[in-house]
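Participant: Spelled out from the first residue to the last, the chains are:
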Amino acid sequence: MSALKLDLDRTLGGGSDGRQTGAPMRSPAPKILLNKMAASDQAPKVDVDMGKTVGTSASGSATGTAKAGIAPKSPKT
Amino acid sequence: MTLEEKFFNPSAASGSALRAHFNNGFADSLEYLLSVCEPSMTFDGDRAEGLLSRIRSGSRESPCLYSRHFKLIEALQAEDMASAETLIKGILAETPAEDGIVVISLGAQSCDRDTELVTSYFCEADSLFSYVQPDPERAAQTEANLYGAMEDLRGFAPGLAAEMDALVNTVILATGIQVAGDEPGEFESVTALRAFGAVLFNADSTATRLQCVVSLIHEHAHMVLFAHSPNEGVVTNSPDERYVSPLRSDARPVEGIFHQSFVLARMIYGMDLLRKSDTVSQHQHDFANEFIGHNVPRFTDAVETLHRHARFTPQGLDVIRSSEAYIDALA
Numbered sequence: 001m002s003a004l005k006l007d008l009d010r011t012l013g014g015g016s017d018g019r020q021t022g023a024p025m026r027s028p029a030p031k032i033l034l035n036k037m038a039a040s041d042q043a044p045k046v047d048v049d050m051g052k053t054v055g056t057s058a059s060g061s062a063t064g065t066a067k068a069g070i071a072p073k074s075p076k077t
Numbered sequence: 001m002t003l004e005e006k007f008f009n010p011s012a013a014s015g016s017a018l019r020a021h022f023n024n025g026f027a028d029s030l031e032y033l034l035s036v037c038e039p040s041m042t043f044d045g046d047r048a049e050g051l052l053s054r055i056r057s058g059s060r061e062s063p064c065l066y067s068r069h070f071k072l073i074e075a076l077q078a079e080d081m082a083s084a085e086t087l088i089k090g091i092l093a094e095t096p097a098e099d100g101i102v103v104i105s106l107g108a109q110s111c112d113r114d115t116e117l118v119t120s121y122f123c124e125a126d127s128l129f130s131y132v133q134p135d136p137e138r139a140a141q142t143e144a145n146l147y148g149a150m151e152d153l154r155g156f157a158p159g160l161a162a163e164m165d166a167l168v169n170t171v172i173l174a175t176g177i178q179v180a181g182d183e184p185g186e187f188e189s190v191t192a193l194r195a196f197g198a199v200l201f202n203a204d205s206t207a208t209r210l211q212c213v214v215s216l217i218h219e220h221a222h223m224v225l226f227a228h229s230p231n232e233g234v235v236t237n238s239p240d241e242r243y244v245s246p247l248r249s250d251a252r253p254v255e256g257i258f259h260q261s262f263v264l265a266r267m268i269y270g271m272d273l274l275r276k277s278d279t280v281s282q283h284q285h286d287f288a289n290e291f292i293g294h295n296v297p298r299f300t301d302a303v304e305t306l307h308r309h310a311r312f313t314p315q316g317l318d319v320i321r322s323s324e325a326y327i328d329a330l331a
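Which chain is which? The protein sequence lines are A and B, in order. Going letter by letter, the first sequence gives residues 1 to 77 in our numbering. Going letter by letter, the second sequence gives residues 1 to 331 in our numbering.
Simulated from the structure, these hints should not be mistaken for laboratory data. Possibly wrong hints are sitting among the right ones.
[What the hints assert, rightly or not] When the alpha-carbon atoms are kept at most 30 Å apart in a straight line, the in silico DSSO-like pairs for lysine-lysine are as follows:
1. K5(A) - K71(B)
2. K89(B) - K71(B)
3. K276(B) - K6(B)
4. K89(B) - K5(A)
[As the list claims (entries may be wrong)] Non-contacting residues of chain B with respect to chain A, defined by C-beta distances greater than 12 Å in every case (computed):
5. F43
6. S53
7. S57
8. E79
9. A93
10. D99
11. L117
12. E137
13. E219
Every residue, glycine too, gets a C-beta built ideally from N, C-alpha and C.
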């Protein structure tokens, strides 16, 4: 047994599953949000490009990458 | 008091209450960590008592204090007691933060190692970006836009600005170097629980002063959620449980969908105040109208996804219901 065992439940953002929460929230550029808003006037409602860029909190995926995009690398929110 | 007034509408009072709530959870956590360390190292117990008491009084503390606390957790988990002892000394030496939001550049002469410590929490091991010192000229322009945006917010959204003053302490300007992914990525700004009080902002951004207003409201809204439920969280779903949100093409953790819903509602709130402001220009009015018109349906879609999949904590349920009440009243 480890000499020092932390009870993460008693720490800020800590969970009993041994994980600390608090992954960074990376946000897209608002200019892209507005550009895509304008584009969406003519586009179908479900649009990959738009979806990539209008998320309002970070996801670990890059913004403005269109089509193929960048797959999420971690469970960031 | 309506649900919106209690859990959604920003004010100086909500800012103080949120900071006090966050600080209480933080002080409990720090006190526990110090108790774990006490048998194996010496530190000034009176000073520790004084610091805990100050934090519990709702003091405005620097992001560095919060980040050092999380570094201490990491050191203790690694059983690196030498680093833990150094971190505790640094924690006990922290003084309260000054009032006001300051914009600084990462790596600049005025930026110290403490800022680099805070910035480390904006990067994850597998992050798309690492962050470095920005070009001074670009940073100067972005800094001017951010200070201008804060001034604008104080004018048309004083309650929101006051709440922001209570929770946001530092905006760190940086350039992002993409270190992963096959296609070019982009970021505007970042917040993190472990860098509470700090916002990382892309100094290479071409965001106008008005777009900086939107970004500040956005990042501050994340901070509000961190402060509202630092221990409980807003949902109990596992981070591995992912759903497609109507707002994005990639499947996301439920917590992320929650955050984006609340952030959207707060941005809509800010834009509604802007369009109703006496001093609003035609351009600002059109911008705000367009923003609201496009994003109210997106908020509604995101909240429907939440109601299908989220297991809300009581705190999370209060926030999402109050956000819905605000948007319903707006319509």
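Participant: Run every hint past the structure and note whether it holds.
Facilitator: Checked hints:
1. K5(A) - K71(B): holds, 16 Å
2. K89(B) - K71(B): holds, 13 Å
3. K276(B) - K6(B): The given pair, whose Cα atoms are some 22 Å apart, holds under the 30 Å limit.
4. K89(B) - K5(A): Roughly 21 Å separates the two Cα atoms, so the pair holds.
5. F43: Its Cβ never comes within 12 Å of chain A, the nearest being 16 Å, so this holds.
6. S53: holds, 18 Å
7. S57: Since the minimum Cβ distance to chain A is about 18 Å, S57(B) lies beyond 12 Å and the statement holds.
8. E79: violated, 5 Å
9. A93: Non-interface label stands for A93(B): nearest chain A Cβ at 20 Å, farther than 12 Å.
10. D99: holds, 24 Å
11. L117: holds, 15 Å
12. E137: About 19 Å separates E137(B) from the closest Cβ of chain A, which puts it past 12 Å; holds.
13. E219: violated, 7 Å
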